[in-house]
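*Asks:* Okay, here's what each chain looks like letter by letter:
Number of protein chains: 2
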Amino acid sequence: MSSFGVHQIGVVRIEKEACYIEILNPYISGLRHIEKFSHVFVLWWISMRDNPQDRSQLIASPPRLEKSIETGVFSSRSPARPNPIGLTKVKLLKVENNRLYIDRIDAIDGTPVLDVKPYLPGDSVKKDKIELPEWFEFLQTED
Amino acid sequence: MSSFGVHQIGVVRIEKEACYIEILNPYISGLRHIEKFSHVFVLWWISMRDNPQDRSQLIASPPRLEKSIETGVFSSRSPARPNPIGLTKVKLLKVENNRLYIDRIDAIDGTPVLDVKPYLPGDSVKKDKIELPEWFEFLQTED
Chain R
1 MSSFGVHQIG VVRIEKEACY IEILNPYISG LRHIEKFSHV FVLWWISMRD
51 NPQDRSQLIA SPPRLEKSIE TGVFSSRSPA RPNPIGLTKV KLLKVENNRL
101 YIDRIDAIDG TPVLDVKPYL PGDSVKKDKI ELPEWFEFLQ TED
Chain F
1 MSSFGVHQIG VVRIEKEACY IEILNPYISG LRHIEKFSHV FVLWWISMRD
51 NPQDRSQLIA SPPRLEKSIE TGVFSSRSPA RPNPIGLTKV KLLKVENNRL
101 YIDRIDAIDG TPVLDVKPYL PGDSVKKDKI ELPEWFEFLQ TED
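Which chain is which? The protein sequence lines are R and F, in order.
Count the first sequence with the numbering used here and you get residues 1 to 143, in order.
Count the second sequence with the numbering used here and you get residues 1 to 143, in order.
Isolated chain R, as found in the complex (with noise of 0.2 Å):
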């Protein structure tokens, strides 16, 4: 079992009237061209669940059901996982300078960033296409 390592790119910035992803100074060169793209990912490392307690969890509760359901962390997008690295997919609406500015990111403030990528087509399944578990018929999703 291999181990790498990874370091921080950018911060997720949450503040009352906006949030954004301020990306490092030494990194501001990569940004070259992102505002061409209307979504990004953020690849953001979750500190909050960064010790063996939470990596060593393989079974995740999803949140918000009636009754309650053990699922596995790989079939959950729950935050205490092995490799505490969040995705999101996010809506890019203006670039200052350093600052992605995004519709909403379920980060909190100082998170650190590990990547920003592109959302291609590729990336988008059609949502008659996309199948889940009944729990999730609980669930409200956003459109």
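No wet-lab data here; the hints were simulated from the structure.
From the three backbone atoms N, C-alpha and C, an ideal C-beta is built for every residue, glycine too.
Heads up, some of the hints might be wrong.
[What the hints assert, rightly or not] List of simulated lysine to aspartate or glutamate pairs, EDC-like, C-alpha gap at most 16 Å:
| # | chain 1 | residue 1 | chain 2 | residue 2 |
| --- | --- | --- | --- | --- |
| 1 | R | K91 | R | D106 |
| 2 | F | K91 | R | D128 |
| 3 | R | K89 | F | E131 |
| 4 | R | K129 | F | E35 |
| 5 | R | K127 | F | D128 |
| 6 | R | K36 | F | E131 |
| 7 | F | K36 | R | E137 |
| 8 | F | K129 | R | D103 |
| 9 | F | K36 | R | D128 |
| 10 | F | K127 | R | D128 |
| 11 | R | K67 | R | E137 |
| 12 | R | K94 | R | E17 |
| 13 | F | K36 | R | E134 |
| 14 | F | K129 | R | E35 |
| 15 | F | K36 | R | E131 |
| 16 | R | K36 | F | E70 |
| 17 | R | K36 | F | E134 |
| 18 | R | K16 | R | D109 |
| 19 | R | K94 | F | E131 |
| 20 | F | K94 | R | E131 |
| 21 | F | K89 | F | D106 |
| 22 | R | K91 | F | E131 |
| 23 | F | K91 | F | E35 |
| 24 | F | K36 | R | E70 |
[What the hints assert, rightly or not] A short, non-exhaustive set of chain R residues, derived as facing chain F with CB atoms under 8 Å:
| # | residue |
| --- | --- |
| 25 | H39 |
| 26 | D50 |
| 27 | I59 |
| 28 | S75 |
[What the hints assert, rightly or not] Cβ pair distances, simulated, as ranges:
| # | chain 1 | residue 1 | chain 2 | residue 2 | range |
| --- | --- | --- | --- | --- | --- |
| 29 | R | S38 | F | N98 | 35 to 41 Å |
| 30 | R | E137 | F | R49 | 36 to 42 Å |
| 31 | R | L65 | F | S56 | 42 to 48 Å |
| 32 | F | I69 | R | K127 | 29 to 35 Å |
| 33 | F | L93 | R | N98 | 38 to 44 Å |
| 34 | R | M1 | F | S68 | 37 to 43 Å |
Start from chain R and add chain F according to the hints.
*Replies:* Leaving out everything else, chain F in the frame of chain R:
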């Protein structure tokens, strides 16, 4: 700038007739219920680009273009990037024990896998809502 450690939880296997993700023994229980999803994201380690030169690249030239374009790595899916984490949306064809049979992946046999996440409706963007740089007009994308 903070650094973090990630470790391998599986491996990409490419065979003549099939390709699959093999989850390592200690992580198998993390797969519970994964067969209920039609698509998953695979996060994998781009081992071939895990070297100081490739990890210091901030500019990429998209392949298969008639004229040369230089774009930032964060505006590109280039494998040479500060954190060489590959992200691929795959179709889950079948699950057999610790093997996730998938339709295709842009990784080579033996590639370490870092995470598997279910594909949820919120990950989808309607194709007519996805904006791309003009040079993508020259690239065919799969529907």
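*Asks:* Checked against the structure, which of the hints given earlier come out wrong?
*Replies:* none
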